[in-house]
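**Q** What follows is each chain in one-letter form.
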Amino acid sequence: MSLSPSLIRTPELDAWIKIHRTGRLTIATGKAELGQKIVTAIATIAAEELDVDPARLTVITAETGVTPDERYTGGSNSMEESGTAVRQAMAHARKRLLEMAALELAEAVGNLIINDGTISGRSNDKRITLWALMGGKSFNYTIDEEIAVKSPDAYRIIGKPVTGLGFAGLVCGTTAFLHDLELPGMVHARALRPPNYLAKLMDVDDRSVRAMAGVIAVVRDGSFLAVCAEREDQVVRAASKLRRLARWDTTERLAANVNIYEQLKSNPRQSLLVVDGVPSDAPVPPQDLGSEQRKTLSATYLKPYHMHGSMAPSAAIARFHETGNLEVWSHSQGVYPLRSALANVLGMAETQIKVTHAPGPGCYGHNGAEDAALDAVLVARAIDGRAVMLKWERDDEHAWEPYGSAMRVEMKAALDGRGKISGLSHDSYSDTQVARPGADGGFSKLLPAWYLQEPVAPPKPQPNRAPHGGIHRNADPIYRIANKRIVKHLVEALPLRVSALRALAAYANIFALESFMDELALADDQDSLDFRLAHLDDDRARAVLEAAAKTANWRGRANAEGAGQGLALAQYKNQKAYAAVVIDLRVDDSGQIDLQRAVIAADAGQVVDPEGLRSQLEGGLIQAASWSLKEEVTYDSGGITSRDWETYPILRFADVPTLETVLIDRPDQPFLGSGEATMGPTVAAIANAVFDAVGVRLRQIPFTPENLRAAAAA
Amino acid sequence: MTNFTLVVNGHNHVVTADPDTPLIYVLRNDLGLKGVKLGCGLEQCGACMVLVDGKAEMSCSAPAGSFVERPITTIEGLGTADDLHPIQRAFMAERAAQCGYCIPGMIISTKALLDKNPDPSEPEIRAGLADNLCRCGTHGSILKAIKRAAREINT
Ligand code: FES
Ligand code: FES
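If you're matching them up, the sequences are chains A and B in order. 1 is the number of the first residue of the first sequence in our numbering; add one for each residue after it. 715 is the number of the first residue of the second sequence in our numbering; add one for each residue after it.
Hints in this document: simulated from the structure, not taken from any laboratory. Being a predicted model, the structure only gives us computed values, none of them experimental. Some hints could be false.
Simulated coverage check for chain A against chain B, where a stretch passes if three residues somewhere in it have a Cβ under 8 Å from a Cβ of chain B [said to hold, decoys possible]: (1) 352-358; (2) 499-507; (3) 540-546; (4) 687-697.
Once the Cα atoms are required to be at most 35 Å apart in a straight line, the calculated DSBU-like pairs of lysine-lysine come out as [unchecked claim]: (5) K150/A to K830/B; (6) K200/A to K95/A; (7) K484/A to K830/B; (8) K160/A to K295/A; (9) K126/A to K18/A; (10) K861/B to K550/A; (11) K484/A to K630/A; (12) K412/A to K550/A; (13) K295/A to K412/A; (14) K630/A to K858/B; (15) K460/A to K550/A; (16) K630/A to K830/B; (17) K769/B to K861/B; (18) K460/A to K769/B; (19) K769/B to K550/A; (20) K830/B to K858/B; (21) K265/A to K241/A; (22) K769/B to K241/A; (23) K160/A to K769/B.
For every residue, glycine included, the Cβ atom is placed at its ideal position computed from N, Cα and C.
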């Protein structure tokens with residue numbers, strides 16, 4: 001098996017590294033920098049493997065035709081895929097460079113050392129630099145996956161604090177986000193979305209808008225409506241006027257009359273048994289909770305639609321050249337798949353399109369980035385070859401981004417005479433978890449395509465069959481349980497648009513499983529920590545759980561009026577980073593939850609950039625706490641009603657707990673993706689702590705005072 | 715469109731714009747100060763903070779014309795990569811940025827806070843940043859950075 005799928009796609013050494021005569025090196029990754037600090041990690045890995053100062057490196061990221069194709073930046077795969085690929089590429093480059101230097105310096109390879117790119121030998125004081133050997137030249141090798149990488153004992157950089165790259169620009173406001181780019185002659189555009197998914201544009205008398213200062217064009221294609229002007233303030237004015245003039249047919253209504261959690265149970269669906277993390281076509285068996293059932297318990301857990309809620313609305317730039325070729329700048333997580341998706345809708349060859357990643361605000365999955373790209377292209381196509389910067393507004397992002405799906409998880413289990421789980425059944429009901437655009441044949445997952453005069457409709461979602469893929473991600477417990485029945489249900493005809501949101505279904509599945517573990521333990525008067533350990537064989541899982549409990553001074557159930565402590569554990573996708581979370585909180589008389597302290601213990605394999613890892617884990621915890629305490633996308637039959645930060649509140653500084661993170665470094669182990677590891681454990685640890693504080697079991701997100709009071713009354 | 719003068723980062727700028735244009739578009743597009751970020755345009759997120767009369771103010775809705783004779787400082791006016799303001803240095807030292815989109819607004823709010831209260835308690839810091847949202851969950855590092863900045867400024 002290949003070390004990384006990226007090496008199969010791009011085996012050429014020269015695609016990953018260029019050594020310049022100037023003593024600088026360019027390292028390429030096909031992943032995009034999304035704020036997760038992948039650039040820092042890649043630079044650190046490359047610098048370590050080659051023994052050069054990281055300051056000599058420029059890391060270039062996702063750009064079609066320039067960097068390797070590493071598909072999407074998501075799924076916590078970047079370190080495992082790109083990190084591993086870059087390390088192997090550098091190991092090969094190093095070997096080749098040492099062989100060349102051995103000839104030049106008349107020295108055996110084994111006697112050579114590299115110091116910041118200068119190679120010297122033992123027997124004489126001759127030396128040569130990597131750039132003198134290779135400056136401007138190509139390696140012309142296919143990366144050999146058998147070449148050994150540097151042993152961790154020889155590390156000089158990894159394992160020590162690393163200087164984060166790119167911070168100066170961020171704190172000075174000089175980093176150019178996509179939204180800040182200025183191309184020569186660039187004009188500005190806004191797309192005007194319908195009042196809801198189903199509305200159709202009847203007519204728009206746009207004469208007064210066309211006559212406005214700076215307006216270049218009103219673009220209409222079916223129900224797609226956009227306006228373009230010389231200056232941004234002009235287009236903002238024009239868009240708000242056009243919005244008042246457009247008349248929409250809103251006869252079709254959203255299916256909001258039936259509660260979403262009912263729809264998840266009653267709508268048509270496909271149900272698949274999941275065995276060892278993989279969906280199968282075997283018939284779904286009835287529940288079997290084992291022969292010896294001393295106690296049985298069942299519970300249903302509910303998660304609403306959540307938003308990505310990027311800090312800036314999506315944006316894109318598009319420009320057509322005279323040749324008919326198209327250039328796009330996007331903050332998409334996948335520049336190559338976006339190129340395919342655009343080619344598909346526009347009927348162009350992929351080779352005619354170039355997509356460059358430019359930094360956007362954190363996206364946490366599939367937000368409006370790709371849709372904005374098609375919006376920009378549709379406007380650019382209607383004007384005269386000038387670059388078009390198209391930006392969504394806050395309302396567009398809140399109301400039109402593809403949300404994380406609502407979910408319903410039903411758990412059932414029995415305990416045997418020794419207090420162990422004798423059988424467990426887990427049913428996850430959800431819409432699809434991933435609807436990322438790509439080469440979708442006669443279909444398109446790009447929003448604007450659905451509204452064209454000749455629409456290109458979205459494809460019907462199919463069950464994700466990947467191991468630990470979408471709806472079944474983290475449904476399979478990492479605990480030792482004899483009779484497991486895990487079923488994923490892909491539910492159809494649900495009301496809102498959905499796609500990949502950080503952690504996918506792992507968030508809801510871990511919420512259910514790790515809450516249920518506590519319910520089982522407490523129903524049998526067992527300690528939550530001991531109960532988990534009694535079912536846990538995996539030493540690395542045990543280690544993070546014990547480390548978190550120790551750091552947080554785990555005290556067990558205390559019945560301390562209003563003050564609670566809760567813990568939870570997961571290994572993301574059952575194959576990535578391990579994370580345990582302990583939460584201390586207080587609940588006041590109104591049902592308001594105040595997070596006080598959060599402890600994370602995590603094992604992400606070998607640690608390259610400890611600060612970067614810590615910020616991914618803590619950022620995940622805070623975002624998951626926000627989802628859990630505050631967030632729910634609201635809608636009625638007329639459309640989405642959570643359209644800004646007041647109707648969709650998120651966590652603020654006043655709500656954030658103090659944080660403490662313990663990293664368990666495993667220098668001899670492969671990288672394990674960490675960006676989504678804390679989401680699930682966080683929500684369950686909060687629910688478990690609330691139960692500890694006030695004896696109320698929260699099974700419905702968000703944990704607002706209203707939902708808490710309702711749970712207390714139930 | 716009319717001409718009016720804004721004082722930004724210590725310089726006088728004559729701008730030609732509709733005075734009811736929200737300040738942020740004038741700062742970003744006429745004066746090229748792209749460190750001022752648009753997050754919502756609704757005065758709900760704090761990404762667009764600038765300093766006016768020593769206070770952090772949102773620039774995404776208030777008309778540019780209302781800032782005549784009220785000197786404005788943007789993130790660009792605080793420091794540069796070669797000459798960082800202590801707050802910027804503290805944010806760097808704590809690596810207090812993930813995507814970084816919210817960070818200019820955070821730094822401006824911090825500046826207003828520390829100018830008024832050089833030695834704030836943790837609750838005062840949280841209250842001082844109450845108008846700023848961060849979706850990446852960088853709050854922990856930002857709080858550390860603000861405490862570090864306060865220490866540096868006070869010593
Ligand atoms: S952009 Fe001004 S407060 Fe959000
Ligand atoms: S660092 Fe991304 S929004 Fe704050």
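**Q** Tell me, which hint numbers fail for this structure?
**A** 1, 2, 3, 4, 5, 6, 7, 8, 15, 18, 19, 21 and 23
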